[in-house]
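Asker: These protein sequence lines are chains A and B, in that order. The first sequence runs 1 to 518 under the UniProt record's numbering. The second sequence runs 1 to 369 under the UniProt record's numbering.
Each hint should be verified, as a subset may be incorrect.
Residues on chain B that point at chain A, a partial pick, calculated with CB under 10 Å [stated by the list, open to error]:
(1) L4
(2) M22
(3) I24
(4) I58
(5) K59
(6) K103
(7) S119
(8) L138
(9) K140
(10) K142
Only part of the chain A face toward chain B is listed, based on derived beta-carbon distances under 8 Å [what the hints assert, rightly or not]:
(11) D227
(12) A230
(13) I344
I should point out that these hints are in silico values taken from the structure, not numbers from a laboratory. Backbone N, C-alpha and C define an ideal beta-carbon position, used for all residues, glycine too.
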Amino acid sequence: MYFFSRFYKKYPSQKRIKMGKMNQIHEETAEDRLISIELFQNIKEIKQKFPASPDLVIHQFTTGLKQTRVALVYLDGLTDKNSLNNNILRPMMYDSREVNETPLPTISSCRTVSSWRDVENAILQGESVLFFEGQVEVRVFDTTGWPQRSIEDPQLESSLKGAHQGFVETGVQNIALLRRYIPNLELRIKEHIVGRRGKTNVWIMYLEDIAHPEVLKELEKRIEQIDIDAVINTGELAEYIEDNRYSPFPQFILTERPDSAVSQLLQGRFVVVVDRSPSVIIAPATFISFFQSVDDYSMRWLIASFIRLLRFLAFMIALLLPAVYIAFLSFNYEVVPLQLFLSIAESRARVPFPPLLEAMMMEIMLEMMREAGIRLPAPVGQTIGIVGGIVVGQAAVQAGIVSNIMVIVVASTAIASFILPSYDMGTAVRLLRFPMMLIASLFGIIGIVIGFMTLLAHLVALESLGTPYGSPLAPFRWQDMRDTFVRFPLWSMFRRPESTRAIQEIRMGRKRSKEKDS
Amino acid sequence: MKKLLFALLSLTLFTTGCMDKMNIEDVSLSLLIGIDLDENNNLIFSTSSPVFSQEAKIKEEVYISPAITMRESREEDDKTFMALTVGGKVQAILVGKRVMQHKGWLKLLEPLLRDPKNSITGRIVMVDGNAYDVISYLPKDKPRLPLYLTKLIDTAHLRNICTKTTLQDLRRATYESGITANVTEIKKEKRLFVTGTALLGEEGEYKFSLAPTENKLLRILQHDTKGEFSFTFKNPNQPVGEIFPATAYSFSTSGISVKTKTDYVSDKFKFDINVQMRVVLTERLFKLDIRKEAKKLEQEIEQEMTKRMKKLIHKIQTAKIDPIGLGIYARAYEYEHWKPVKERWGETLAKADVKVSVKVIIAGMGISK
Chain A
1 MYFFSRFYKK
11 YPSQKRIKMG
21 KMNQIHEETA
31 EDRLISIELF
41 QNIKEIKQKF
51 PASPDLVIHQ
61 FTTGLKQTRV
71 ALVYLDGLTD
81 KNSLNNNILR
91 PMMYDSREVN
101 ETPLPTISSC
111 RTVSSWRDVE
121 NAILQGESVL
131 FFEGQVEVRV
141 FDTTGWPQRS
151 IEDPQLESSL
161 KGAHQGFVET
171 GVQNIALLRR
181 YIPNLELRIK
191 EHIVGRRGKT
201 NVWIMYLEDI
211 AHPEVLKELE
221 KRIEQIDIDA
231 VINTGELAEY
241 IEDNRYSPFP
251 QFILTERPDS
261 AVSQLLQGRF
271 VVVVDRSPSV
281 IIAPATFISF
291 FQSVDDYSMR
301 WLIASFIRLL
311 RFLAFMIALL
321 LPAVYIAFLS
331 FNYEVVPLQL
341 FLSIAESRAR
351 VPFPPLLEAM
361 MMEIMLEMMR
371 EAGIRLPAPV
381 GQTIGIVGGI
391 VVGQAAVQAG
401 IVSNIMVIVV
411 ASTAIASFIL
421 PSYDMGTAVR
431 LLRFPMMLIA
441 SLFGIIGIVI
451 GFMTLLAHLV
461 ALESLGTPYG
471 SPLAPFRWQD
481 MRDTFVRFPL
491 WSMFRRPEST
501 RAIQEIRMGR
511 KRSKEKDS
Chain B
1 MKKLLFALLS
11 LTLFTTGCMD
21 KMNIEDVSLS
31 LLIGIDLDEN
41 NNLIFSTSSP
51 VFSQEAKIKE
61 EVYISPAITM
71 RESREEDDKT
81 FMALTVGGKV
91 QAILVGKRVM
101 QHKGWLKLLE
111 PLLRDPKNSI
121 TGRIVMVDGN
131 AYDVISYLPK
141 DKPRLPLYLT
151 KLIDTAHLRN
161 ICTKTTLQDL
171 RRATYESGIT
181 ANVTEIKKEK
191 RLFVTGTALL
201 GEEGEYKFSL
211 APTENKLLRI
221 LQHDTKGEFS
231 FTFKNPNQPV
241 GEIFPATAYS
251 FSTSGISVKT
261 KTDYVSDKFK
271 FDINVQMRVV
281 LTERLFKLDI
291 RKEAKKLEQE
301 IEQEMTKRMK
311 KLIHKIQTAK
321 IDPIGLGIYA
331 RAYEYEHWKP
341 VKERWGETLA
351 KADVKVSVKV
361 IIAGMGISK
């Protein structure tokens, strides 16, 4: 095992100490010291605290009849200039000349703090801070206003009939988007702050009378336990709180669609909104929930069911088709009908590689094309499609590098893997295809069966926030089957899914379904 | 992480894959297997397997070799064939008539039944002549021979010109004492013909052949009424034409129901086979108002049909075989009496009383009057 221990080597101890020191310094700056009564003292202090910050603005002026000296401190770019000029500077510098008392800015969110830590935090968050000569308290105004994106159609999960508003990078706006759907007092929001440096606001949203308190406790516990520098993206947070670190499957739904998030909230799930990230976590997730899309519920149920079944078929194709191809060509040629066999063999005769290598090559080529397509800007991205189509489709066959059938297999796998509404599940399937191909080339159909059984065993054992991932298939829940392979009519789904452990079961007046019964 | 590494390591160290891995391009499929006897009664095996290379001008490899058994002939084939000879996709096993005339030739097919990698859905075909003549036939206006031959047999079977017997069917028929086997019969002159059905005895030996018209009757008697049954009869009551056959008429069936009743009366088995047919007239060269005189024609068909069936049954009884499978009925309904004669069922059937009655209803006369 010595050989492997090299991979596990810890960081050299010196580095560790350096990192520790950095943390100590960080802690020191956040020390709780009080504001001085002298204004010039405070300004000096501020300048010391923000060295090398050209975007720091310290605006000194006098206000009121008494000509009190004040200083407004803020970070340029993080603040809203309009409200700064009109609502703070204007009343204080002009309107207050005749008033005897300390003038008040016309801004609603205003608080008073007296410690340096609060002042620092406020400035860093984009608030503006007003120091008064002769006062140990400072005013903090919420004048935050940073560069923002307008609300757009969700890019990753487009839908035909769903809403066309997607989440944006501002957490409070995302909360507002969700609140718009559920104007109900039971919609609760719990705030947590994650990251020592990043201080990212993380909000857990849930419906108090539906969601299970135990799941909430677990979720909160996991979020509180995170002790890191900063969380930049929702995906990062998801990785820190997920149940199984080695599973290829996504254990939370990450969505940028408010409508799908709301529908999950109503089913008794939790939504975690992460500030500065345009997607939210939905937890607990089940395997089946990655096959559901918002469109399913706005289409006729027969059509929605058909599409749902199509997705499961696509899942199987994306996962198994190349493996089946290899198994048939390497071991079990007897199961291929003769006519097909002859045409496969004819096109295979020119190919100098064994089936595994042929399939691997094509699949990797496809993955490269997909990845290249993402990274390139849209106008150039099309070129990839054309070049890839010609190279992979036509030329490779003509050059005798791959067989015709292989191209068809690769193309159908690619199409099938993009049908899944969840991008995360799609990538999981695309990755799992490779071990499947490998095991198929070693053991044929038996290998595929072994691989698939292993996968099923893993899916059954997997949990999301302590809730079974395989539900409603394992453990089997008859009630939830109404929204699994087939999307039953909405009026027949009067219960919330058991898979979410919702404490309020019924979600619909049963008048209509009772009428149907009688 | 350690666990995962261990798992991967053990996978790569301890698994080398199955030994029977064989890529599709390393396989030389024996699609046709021929069995013949030469003048000195030595077995001759012949194999046809497709060649996939684009450079090859002829896409078929044929090798004819003397060998003791079929398995040994594979060795012979591997001496010359491009890839490894396998029997997983055998489409047809062609057996020469001279082989079939001997009892016990079925033993030669043993390796196909023993090795599960081999196919048991290959069609068994008797060749009137030499099987290797058929196998080395390279028709220019047809797809490769194995495909052509199987298609030919399958479609001929749909029109009931011949039976289609797979190795599995043959095996069942030989192990089953209540029925004897029948196989497709083909002949190669300048081209390939399906000539009908060859009837085999209890031990697989060739007895006699049935022409397509007789084969249809046999199929009806066997209760196997799938596919199309088309007959052309001559009406004896009509004036004969000078050149053109003015007495002829054709019909095909749109529904046949067959009932076989079994009885044992005065030390003899007795079978009553009732055939009910709904027929559609497809051709008629004489004048007849079917709307009024359908009964007449129906009776004629009934008589002719009964006559032909009786003739067939007589032939079968003289040959002491049972391709109809009446033995299965005997066992099912008269087990007490069947049990002692089980081993010599052919002879017993020869003495049995088999009656056939046909009822015909003209269901349609086509779209002209």
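Asker: Work down the list of hints and note, for each, if the structure agrees.
Answerer: Quick rundown of the hints versus the structure:
1. Taken as an interface hint, B:L4 checks out: its beta carbon lies about 6 Å from the nearest beta carbon of chain A, inside 10 Å.
2. Interface hint at B:M22: satisfied, since its Cβ lies 7 Å from the closest Cβ of chain A, which is below the 10 Å cut-off.
3. Hint on B:I24 holds. Least Cβ distance to chain A is approximately 4 Å, under the 10 Å limit.
4. Because the closest C-beta pair between B:I58 and chain A is about 14 Å apart, greater than 10 Å, the hint is violated.
5. Against a cut-off of 10 Å between C-beta atoms, the interface hint on B:K59 holds, since the closest Cβ of chain A lies about 9 Å away.
6. About 32 Å separates the beta-carbon of B:K103 from the nearest beta-carbon of chain A, more than 10 Å, and the hint is not met.
7. For B:S119, the shortest C-beta to C-beta distance to chain A is roughly 7 Å, which falls under 10 Å, so the interface hint holds.
8. At about 16 Å, the closest approach between the beta carbon of B:L138 and any beta carbon in chain A exceeds 10 Å, and the interface hint on this residue is violated.
9. Hint status for B:K140 relative to chain A: violated, with the closest Cβ pair at about 19 Å, above 10 Å.
10. With its C-beta approaching chain A no nearer than about 14 Å, B:K142 sits outside the 10 Å limit, and its interface hint is violated.
11. With its C-beta approaching chain B no nearer than about 21 Å, A:D227 sits outside the 8 Å limit, and its interface hint is violated.
12. The criterion of a C-beta within 8 Å of any C-beta in chain B is not met by A:A230, whose closest approach is roughly 25 Å, and the hint is violated.
13. Using the Cβ-Cβ criterion of 8 Å, the hint placing A:I344 at the interface with chain B is satisfied: the shortest such distance is roughly 7 Å.
Of the numbered hints stated above, those contradicted by the structure are hints 4, 6, 8, 9, 10, 11, 12, listed in ascending order.
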